[in-house]
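Build out the structure end to end from the sequences listed, making use of the hints.
So for the sequence shown, my numbering puts the first residue at 98; every next one is plus one.
Take these hints with a grain of salt, some might be off.
Stated by the list, open to error - Listed below are the simulated SDA-like cross-link pairs for lysine to any residue, each with C-alpha atoms no more than 25 Å apart in a straight line:
hint: 1; residue 1: Lys444; residue 2: Phe127
hint: 2; residue 1: Lys444; residue 2: Glu421
hint: 3; residue 1: Lys275; residue 2: Ile437
hint: 4; residue 1: Lys392; residue 2: Glu316
hint: 5; residue 1: Lys335; residue 2: Ser296
hint: 6; residue 1: Lys335; residue 2: Ile324
hint: 7; residue 1: Lys335; residue 2: Tyr403
hint: 8; residue 1: Lys392; residue 2: Leu357
hint: 9; residue 1: Lys424; residue 2: Glu191
hint: 10; residue 1: Lys424; residue 2: Asn209
hint: 11; residue 1: Lys392; residue 2: Gly333
hint: 12; residue 1: Lys284; residue 2: Lys424
hint: 13; residue 1: Lys184; residue 2: Lys444
hint: 14; residue 1: Lys432; residue 2: Thr198
hint: 15; residue 1: Lys275; residue 2: Lys392
hint: 16; residue 1: Lys288; residue 2: Ser131
hint: 17; residue 1: Lys301; residue 2: Asp268
hint: 18; residue 1: Lys335; residue 2: Val312
hint: 19; residue 1: Lys184; residue 2: Thr361
hint: 20; residue 1: Lys335; residue 2: Ile262
hint: 21; residue 1: Lys331; residue 2: Asp268
hint: 22; residue 1: Lys284; residue 2: Lys392
hint: 23; residue 1: Lys392; residue 2: Lys331
hint: 24; residue 1: Lys335; residue 2: His310
hint: 25; residue 1: Lys257; residue 2: Thr198
hint: 26; residue 1: Lys275; residue 2: Tyr425
hint: 27; residue 1: Lys392; residue 2: Asp268
hint: 28; residue 1: Lys432; residue 2: Val420
hint: 29; residue 1: Lys301; residue 2: Lys284
hint: 30; residue 1: Lys424; residue 2: Leu250
hint: 31; residue 1: Lys432; residue 2: Asn254
hint: 32; residue 1: Lys255; residue 2: Leu363
Unchecked claim - Just the calculated beta-carbon pair ranges, DEER-fashion:
hint: 33; residue 1: Gln309; residue 2: Gly156; range: 36 to 42 Å
hint: 34; residue 1: His139; residue 2: Glu285; range: 25 to 31 Å
hint: 35; residue 1: Gln309; residue 2: Cys261; range: 35 to 41 Å
FYI, nobody ran anything at the bench for these hints, they're computed from the structure. Built from N, CA and C at the ideal position, the CB exists for glycine as well.
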Amino acid sequence: MEAITSENSKVNEQKYMENIQNTIKDDFVFTLKSTCLNENYHPSSQTRLTTNFANLARGDNRQQNLRNALNMINNRFNALAHLNNPKADRYLVELEIITVTMSTDDKNGINNLPLIEVLKTNIFDRKTSQHIEGIAGNNFSSYVRDYDFSILLIEHNKNKSDFCIPENFGDLHGKLYKCFVSSATYKEHFKMPPIICLSVSSNKTYTRTEYQHPVLGFEYLQDQYSITDEYFSKMGLKVRFFMPPNSVAPMAFYHSGDLLADYTDLGLISSISTMETFQKIYRPEIYNANSVAGKIYQPSLKHEDYSLTRVVYDREERSRLAVEQGKYAEEHFIKPYQNILEQWAAKFAS
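Laid out in C-alpha cells, this is it:
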C-alpha cells in the first residue's frame, strides 16, 4: 500500500510540474481597463486604495479635492506650455486611470489578478480642437511593489542592526513589468514606453548641473543610487533628475530609451504638471516649499517652511493601506502562485 501511495504521489507531482511548464510556455495575458479621472470619479472595489487619486476621491470633500487637483494640473500645464497661449488656458489635461490585470490561459494558472495601475495623460487643444496623446506611467503603482517594500523588505530587516536588501529583491516585479510593456496589449494601446515620475529621495543629496532642458529644466545629479533606483533598474528603467521651470525641487524621471528625444514637449509637460501637482499635495515639505532648491540640495520631509494646498490628503491612511495591500498581494498572488511565478521568472528572457 505504501509503495502504491508513493507512486501516486510521484505521478501527481509530475502532472503538477507539467501544468506549470504548460502555463509558462507563453507570456501572461494582460487586460486593460480605462476609467476617466474627473471630479465625479469614485474608486472601484478593484482600485488600489493607496493610489494618490483614490485617496483624494473619498470623504466629505472628495469632489472639491478632485476639482482642485485637476485645476492645479491644468494651470501648471498651461504655464509650461506658454507658446501661443497668451491667456494660459489653451490646453486641457484629460486623465485616464489604466488598470492592468494579468491572467493565463491555463486552468491551473493565474487568472485576472490586479497587477499595475497608472494614469495616462491626454491633452485637448482648445485652439485647434485636437486631442493629443500624452504619456502613461503617472502615479505608477502595483501590488507586487507594495508586497516587496511593505512586507518583504520590512520582514527581512526585522531585528537586524544593519539594514540590508533581500537577495533577488525586485526581480519578479521587474520581469512582470517588462513582460507587460513588451506585450502586444501594451503596444496596441500606447505609442511610447511609460515615464514614471517620482519624488526625489529624502536621504540623498542632489547637485545641479549647468544643463538646462527647455521643458524639464535644470538637471541634477544624485550622489548615489537609492533603493528605488535599484528596484526600478530591474524594470529596465534609467533615472534622471530635473527641476522644471518655476518648480522648487527636482523630480526623478524613470524611463527607458532617450528621455530627451523620444517624447514630445507637450507629453513631457503633461507628466510634469500631473506629477508635480500630486507631489505638492502629498509631499508639500519638498514640492510646495517656500524656497527653491539650491545648487546642492538635500530634500527633507521635516522641512517646516512650506505651504499647504487646498486639497485634503491623508498620508497616515496611505501608509497603513500600503501594508494592507502588501499583505493582500502576499495572500492572493505571491504565496498561491509562488511555484508558477518562480518557474516563469527563471525562463523569462529580460
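How the hints compare with the structure:
1. Lys444 x Phe127: OK: Lys444 and Phe127 at ~19 Å, within 25 Å.
2. Lys444 x Glu421: 31 Å, violated
3. Lys275 x Ile437: 17 Å, holds
4. Lys392 x Glu316: 10 Å, holds
5. Lys335 x Ser296: 15 Å, holds
6. Lys335 x Ile324: Given that 25 Å is the threshold and the Cα spacing comes to 13 Å, the pair holds.
7. Lys335 x Tyr403: Violated, because 30 Å separates the two Cα atoms, which is more than 25 Å.
8. Lys392 x Leu357: Satisfied, since the Cα-Cα distance of roughly 22 Å is no more than 25 Å.
9. Lys424 x Glu191: 33 Å, violated
10. Lys424 x Asn209: Holds, at roughly 18 Å.
11. Lys392 x Gly333: Distance of about 29 Å is beyond 25 Å: violated.
12. Lys284 x Lys424: 31 Å, violated
13. Lys184 x Lys444: Violated, because 55 Å separates the two Cα atoms, which is more than 25 Å.
14. Lys432 x Thr198: It holds: about 18 Å lies between the C-alpha atoms, which stays within 25 Å.
15. Lys275 x Lys392: This hinted pair is violated, its Cα atoms lying about 35 Å apart.
16. Lys288 x Ser131: 16 Å, holds
17. Lys301 x Asp268: 24 Å, holds
18. Lys335 x Val312: 19 Å, holds
19. Lys184 x Thr361: 22 Å, holds
20. Lys335 x Ile262: Between Lys335 and Ile262 the Cα gap is close to 20 Å, so the pair holds against 25 Å.
21. Lys331 x Asp268: 6 Å, holds
22. Lys284 x Lys392: The hint is violated at about 40 Å.
23. Lys392 x Lys331: 30 Å, violated
24. Lys335 x His310: 18 Å, holds
25. Lys257 x Thr198: The given pair, whose Cα atoms are some 36 Å apart, is violated under the 25 Å limit.
26. Lys275 x Tyr425: 23 Å, holds
27. Lys392 x Asp268: 35 Å, violated
28. Lys432 x Val420: At roughly 16 Å apart (the allowed maximum being 25 Å), Val420 and Lys432 satisfy the hint.
29. Lys301 x Lys284: Violated, because 35 Å separates the two Cα atoms, which is more than 25 Å.
30. Lys424 x Leu250: It holds: about 13 Å lies between the C-alpha atoms, which stays within 25 Å.
31. Lys432 x Asn254: Holds, because 20 Å separates the two Cα atoms, which is no more than 25 Å.
32. Lys255 x Leu363: Since the Cα atoms of Lys255 and Leu363 sit roughly 45 Å apart, the hinted pair is violated (cutoff 25 Å).
33. Gln309 x Gly156: 36 to 42 Å: 41 Å, holds
34. His139 x Glu285: 25 to 31 Å: For Glu285 against His139, whose Cβ atoms are near 28 Å apart, the range 25 to 31 Å holds.
35. Gln309 x Cys261: 35 to 41 Å: 38 Å, holds
Of the hints listed earlier, those the structure fails to meet are numbers 2, 7, 9, 11, 12, 13, 15, 22, 23, 25, 27, 29 and 32, in rising order.
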